[in-house]
Amino acid sequence: MSGLEFILDGERAVAPAGSTLIRALSANGVETPTLCYLEHTSAPNVCRVCVVEVEGSRPLVPACSRLLEEGMVVSSDSSRVRHARKLVFEMLASSVDLSLVSEETGAWMREYDVDPGRFGPTLRTDGPAASMRPGHHERPDGLSFASVAQPPLIQDDLYVRDYAKCILCYQCVNACGPEAQNTFAISVAGRGFEARISTEFEIGLPDSACVYCGNCIAVCPTGALIPRTEFDLRASGGWAADRQSVTRTVCPYCGVGCNLELTVQDGAIVRVDSPLDHDVTSGNLCIKGRFGFSHVGAQPRSEPA
Amino acid sequence: MDLHFADAEATEAERAAVDRFMSAHASETGPTKAARLERPRSRERRDLLLPGLHALQAAIGWISHGALNYLGAAIAVPPADAYGVASFYSMFSLTPQAPNVLHVCDDIACRANGALEVVDECERVFGPEGSGDSVTWHRSPCLGRCDRAPALFVQRAGEDDFDHGPVHADLSGRAIDGLAELEGMNIDLGIERSATPQGQAEVRLLRRIVERIDPSSLEGYRANGGYAALHRAVEMGAESIRDLISESGLTGRGGAGFPTGLKWKMAAAEAAPRFVIANADESEPGTFKDRVLIEQDPFALIEALTIAGVSVGAEKGFIYLRGEYPVAGRRLEAALAAARDAGLLGRDLFGRGISFDIELRIGAGAYICGEETALFNSIEGYRGEPRNKPPYPTQVGLFGRPTVVNNVETLLNVLFIIMEGADEYRRLGTPTSPGTKVFSVSGHVAKPGVYEVPFGTPLQDLLALAGGMRKETGGMRNITSFGSVLLGGAAGTFLGPEALDLPLANEAAIERNASLGSGAVVVFDTETDMFEMVSRIAAFFRDESCGQCAPCRIGTVRQEELMVRVGSGFDSGGLIREVGRAMTDASICGLGQTASNAVVSALDLGLIGGDA
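From first to last, the protein sequence lines stand for chains L and A. Oh and the first sequence: position 244 is 244 in my numbering, straight run, nothing missing. Oh and the second sequence: position 77 is 77 in my numbering, straight run, nothing missing.
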């Protein structure tokens, strides 16, 4: 693979041809904040916290999806870049519950001195704005500020959709659809700030095309999609990361050989994932591998008399 | 993929509507289908989703869960996806509603002419927005009838839609009692002369319109110079046409000003199949020139797009027309049929082995679909969300194929250039903005309408052509003197009296931090409540953001909220400028990148925010 020369923050740099900017920057020791980006899926390119400045481009460009070109002049830390990243983080944090984002994202928000309170107190809404006709909205009052706060959707024992935490990154829609599962149970519905992840006509997940593979959970960057076990433990205050260990094993259900990562707390499995970078699964599992673990901790049935 | 449909049955009427629609499209094959197969994301007949939804909405008046299931099964689109698309457009209702829906424009140009009184009257007569059993009403963004403000658009189940204006408050009661009567009025007004009050000045694109040539007659069109350009273009050959267009210096009239010849060359250099598209999704508030050009000279657009197809080497063209232009839609449909019958569209044109046909696609109420990559997604049956660029449309466009998208007005210039030559084209205008520009002039001018003037014409000369400031607005209040002008629509900038000498050319506008944009010129007098106007623009972007990227989805909300603070003197506009910069820098497409232009320019001019 041949290398491309470019200028990164005033210094000469080299990265392999075909690299996205995010990889090219990383190869030269410059990390980039991300929210909607995952290494193993095609970049949704929507959160825009990864923007960098490229000479010759009027707007900033998303590092996650823009390919490196020979001779590009890239600034990763200019005042425009810092301003855009800070404001986008502030806008997201002022409208979405970001309490479950990764440590790295939290560090970036501190780096940019993110203060969502600058927009004022947020307005709690009581549910998705599904009833709102596209192109129409309630006029603001100048005191409260809109957010996507809403009660979590708990419709089954397997996972919870807590859309107050949704940044609308499309990863779940893509995983349910063309990227992994080809089930197409969910889509983005509505428009603008009322855009939301939804089944058709907001029907319940058990009635929808959902096959409960949970591959949407695997790609959710904000904890909006969360296994029921984890959700309940967090809700009761019993979720304790410091008492957890992760064990890698192979799924016993069929012969494919999917690797599992079992998150275990106090001797019980509380969450099952598969490594995103795994050759076989790319993080994907089926309903059995991801959710079929309750028997592990079950008490043995008493012998028939 | 096995589709899963939740229990919801279509009614007999819904099934019949879908069956009729499907049988009308059953025999379709051709380049569209061939191209679609190369795009792995695409599935069979997904491109029929938007017209299929239109068929249901038009027949039934709303789209039920059962109807959506039935349509989805017919075209193999998962119901969640179909719902995502249907809920994207404001002309589709996913809940039962009255069969007659008045879309009442309350946007800037209509607002300057009493639209809020019409809104009040609707509320009085019909009750709250969205209520009513036989007639309901909704506020609407600009309907592109600013020359006859205040305007409304009537969407009807089982009957043709129509638009109407001016609607005065005392008329709206009648509008409801006598829809048929109003529609009759509209047919008379469809070739309304006041839209082009320019008279016999030197016009190029407006010539047949000013001369009142019957827009419904192919013979009339041909007798007045029509189809001479296509014949000449075919003689010239594809490459010579591209060279001539480059030589003329023609630039795009949609707002971005990209060189048209270069765009055609870039697409022609890519492998076939290719597509050409006329972007007639004219939705920029204050812009109505393309509606007038299409309603009153529809064959010209068809001829020009055919030339583009010949020159680029495309066998299929699309005209993407906004859904709120029913008269333009019916005239285009009729003109396309007439052109096909006359052998001017179809296979082996002129015995030269050239194949080219045009499909008319109708939008459904989404400003963003005028953005070219959102337009591709809309035609393909996806949500009208813009794509990331690069790759550019000339490389990867509609159905993943090289595609040229040109504004209606841009294409019409091609006819003139081919007949008169590049030098003659350049005789008017400025060296960097050659030719003429068609402006939509509205607001507080005496003669709102469409005006064609050479690039470089001073703003005040254009306003003089439009009769200067009007004396009164239908008895509401007297108009005072010139206060400000919004140039380029909602995505444009406010300019004050000091800009009246501005030469209307791309380079001169850029020098003043403005842009001609789509050519919208909305004039306000000194007594206009500019805070209300700017707030309406902020609300417009909040309504029309597609919601895909965070800076625009949330930034347009914050911008509107912060406007309230600016209005009440709590904020001097510092944070609103910060939000605006982030939207401009970090948004995916032109909507977010320009969503703060008008607000920031109003702050700069002191039209709003003076007190903090």
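Quick caveat, the hints were computed from the structure, so don't treat them as lab data. Note that this is a predicted model, so its numbers are computed, not measured. A portion of the hints provided could be inaccurate.
[Said to hold, decoys possible] As a list, the in silico SDA-like pairs of lysine to any residue whose alpha-carbon atoms are at most 20 angstroms apart:
| no. | chain 1 | residue 1 | chain 2 | residue 2 |
| --- | --- | --- | --- | --- |
| 1 | A | Lys389 | L | Glu55 |
| 2 | A | Lys389 | A | Gly252 |
| 3 | A | Lys389 | L | Val54 |
| 4 | A | Lys389 | A | Gly400 |
| 5 | L | Lys288 | L | Pro275 |
| 6 | L | Lys86 | L | Val54 |
| 7 | A | Lys389 | L | Ser19 |
| 8 | A | Lys389 | L | Ser57 |
| 9 | A | Lys389 | A | Met266 |
| 10 | A | Lys471 | A | Gly400 |
| 11 | A | Lys447 | A | Arg330 |
| 12 | L | Lys86 | A | Ala256 |
| 13 | A | Lys389 | A | Ala256 |
| 14 | A | Lys389 | A | Glu578 |
| 15 | A | Lys389 | L | Ser42 |
| 16 | A | Lys389 | L | Glu70 |
| 17 | A | Lys389 | L | Val250 |
| 18 | A | Lys447 | A | Pro166 |
| 19 | A | Lys389 | L | Ser65 |
| 20 | A | Lys447 | A | Pro458 |
| 21 | A | Lys389 | L | Val73 |
| 22 | A | Lys389 | L | Arg110 |
| 23 | L | Lys86 | L | Leu67 |
| 24 | L | Lys86 | A | Gly400 |
| 25 | L | Lys86 | A | Asp525 |
| 26 | L | Lys288 | L | Val250 |
| 27 | A | Lys471 | A | Asp461 |
| 28 | A | Lys389 | L | Arg58 |
| 29 | L | Lys86 | L | Arg110 |
| 30 | A | Lys389 | L | Leu158 |
| 31 | L | Lys288 | L | Arg110 |
| 32 | L | Lys86 | A | Arg581 |
| 33 | L | Lys86 | A | Gly257 |
| 34 | L | Lys86 | A | Leu575 |
| 35 | A | Lys389 | L | Arg23 |
[Claimed, not checked] Short, incomplete list of chain L residues facing chain A, as computed with Cβ under 8 angstroms:
| no. | residue |
| --- | --- |
| 36 | Leu92 |
| 37 | Arg133 |
| 38 | His136 |
| 39 | Cys286 |
Ideal Cβ positions, reconstructed from N, Cα and C, are used throughout, including at glycine.
How the hints compare with the structure:
As the CA atoms of Lys389(A) and Glu55(L) are separated by approximately 16 angstroms, the hinted pair is consistent with the 20 angstroms bound. Between Lys389(A) and Gly252(A) the alpha-carbon distance is near 18 angstroms, which keeps this suggested pair within the 20 angstroms criterion. Under the criterion of a C-alpha separation no larger than 20 angstroms, the hint pairing Lys389(A) with Val54(L) is consistent with the structure, at around 14 angstroms. This hinted pair checks out: Lys389(A) and Gly400(A) have alpha carbons roughly 13 angstroms apart, not beyond 20 angstroms.
Restraint check for Lys288(L) and Pro275(L): satisfied, since their Cα atoms lie roughly 16 angstroms apart, inside the 20 angstroms limit. Our distance criterion of 20 angstroms between C-alpha atoms is met by Lys86(L) and Val54(L), whose separation comes to about 18 angstroms. A threshold of 20 angstroms between alpha carbons decides the hint, and for Lys389(A) with Ser19(L) the separation of about 16 angstroms falls inside it, so the pair holds. Among the hinted pairs, Lys389(A) with Ser57(L) is consistent with the structure: their alpha-carbon atoms are about 11 angstroms apart, no more than 20 angstroms.
This hinted pair checks out: Lys389(A) and Met266(A) have alpha carbons roughly 15 angstroms apart, not beyond 20 angstroms. Taken as a hint, the Lys471(A) and Gly400(A) pair is broken in the structure, with Cα atoms around 53 angstroms apart against an allowance of 20 angstroms. About 27 angstroms separates the Cα atoms of Lys447(A) and Arg330(A), which puts this hinted pair outside 20 angstroms; it is violated. With a C-alpha separation of about 29 angstroms, the suggested pairing of Lys86(L) with Ala256(A) is violated against the 20 angstroms cut-off.
Between the alpha carbons of Lys389(A) and Ala256(A) the distance comes to roughly 15 angstroms, so the proposed pair stays at or under 20 angstroms and holds. Restraint check: the Cα-Cα separation between Lys389(A) and Glu578(A) comes to about 25 angstroms, which exceeds 20 angstroms; the hinted pair is violated. With a C-alpha separation of about 15 angstroms, the suggested pair Lys389(A) and Ser42(L) falls inside the 20 angstroms cut-off, and the hint holds. Straight-line distance between C-alpha atoms of Lys389(A) and Glu70(L) comes to about 18 angstroms, which keeps the hinted pair within the 20 angstroms bound.
Between Lys389(A) and Val250(L) the alpha-carbon distance is near 41 angstroms, which puts this suggested pair outside the 20 angstroms criterion. Of the supplied pair hints, the one linking Lys447(A) and Pro166(A) holds, its CA atoms being roughly 13 angstroms apart against a limit of 20 angstroms. For the suggested pair Lys389(A) and Ser65(L), the alpha carbons sit about 10 angstroms apart, so the restraint of at most 20 angstroms is met. With a CA separation close to 18 angstroms, the supplied pair Lys447(A) and Pro458(A) stays within the 20 angstroms bound.
For the suggested pair Lys389(A) and Val73(L), the alpha carbons sit about 18 angstroms apart, so the restraint of at most 20 angstroms is met. Distance check on the hinted pair: Lys389(A) and Arg110(L) sit about 31 angstroms apart at the alpha-carbon level, beyond 20 angstroms; violated. For the given pair, Lys86(L) sits about 24 angstroms from Leu67(L) by alpha-carbon distance, which is inconsistent with the 20 angstroms threshold. Using a Cα cut-off of 20 angstroms, the hinted pair Lys86(L) and Gly400(A) is violated, with the two alpha carbons roughly 35 angstroms apart.
With a C-alpha separation of about 39 angstroms, the suggested pairing of Lys86(L) with Asp525(A) is violated against the 20 angstroms cut-off. The straight-line distance between the Cα atoms of Lys288(L) and Val250(L) is roughly 13 angstroms, inside the 20 angstroms bound, and the hint therefore holds. A threshold of 20 angstroms between alpha carbons decides the hint, and for Lys471(A) with Asp461(A) the separation of about 18 angstroms falls inside it, so the pair holds. The suggested pairing of Lys389(A) with Arg58(L) holds, with an alpha-carbon distance near 12 angstroms, which does not exceed 20 angstroms.
Distance hint between Lys86(L) and Arg110(L) is fulfilled; the C-alpha atoms sit about 10 angstroms from each other, no more than 20 angstroms. Among the hinted pairs, Lys389(A) with Leu158(L) is inconsistent with the structure: their alpha-carbon atoms are about 39 angstroms apart, more than 20 angstroms. Taking the CA atoms of Lys288(L) and Arg110(L), the gap is near 39 angstroms; set against the 20 angstroms cutoff, the hint is violated. Between Lys86(L) and Arg581(A) the alpha-carbon distance is near 11 angstroms, which keeps this suggested pair within the 20 angstroms criterion.
Proximity of Lys86(L) to Gly257(A) is assessed by CA-CA distance (about 32 angstroms); at most 20 angstroms being required, the pair is judged violated. Proximity of Lys86(L) to Leu575(A) is assessed by CA-CA distance (about 13 angstroms); at most 20 angstroms being required, the pair is judged to hold. In summary, the hint linking Lys389(A) to Arg23(L) is supported, as the alpha carbons are separated by about 19 angstroms, within the 20 angstroms threshold. Checking Leu92(L) against chain A: minimum C-beta separation of about 6 angstroms stays under 8 angstroms; hint holds.
Satisfaction of the interface hint for Arg133(L) is found here, the shortest Cβ-Cβ separation to chain A being roughly 6 angstroms, below the 8 angstroms cut-off. Checking His136(L) against chain A by beta carbon gives a least distance of about 7 angstroms; that is within 8 angstroms, so the hint holds. Taking 8 angstroms as the C-beta cut-off, the interface hint given for Cys286(L) is violated, the closest approach to chain A being about 16 angstroms.
In summary, the structure is inconsistent with hints 10, 11, 12, 14, 17, 22, 23, 24, 25, 30, 31, 33 and 39 from the numbered list given earlier, while agreeing with the others.
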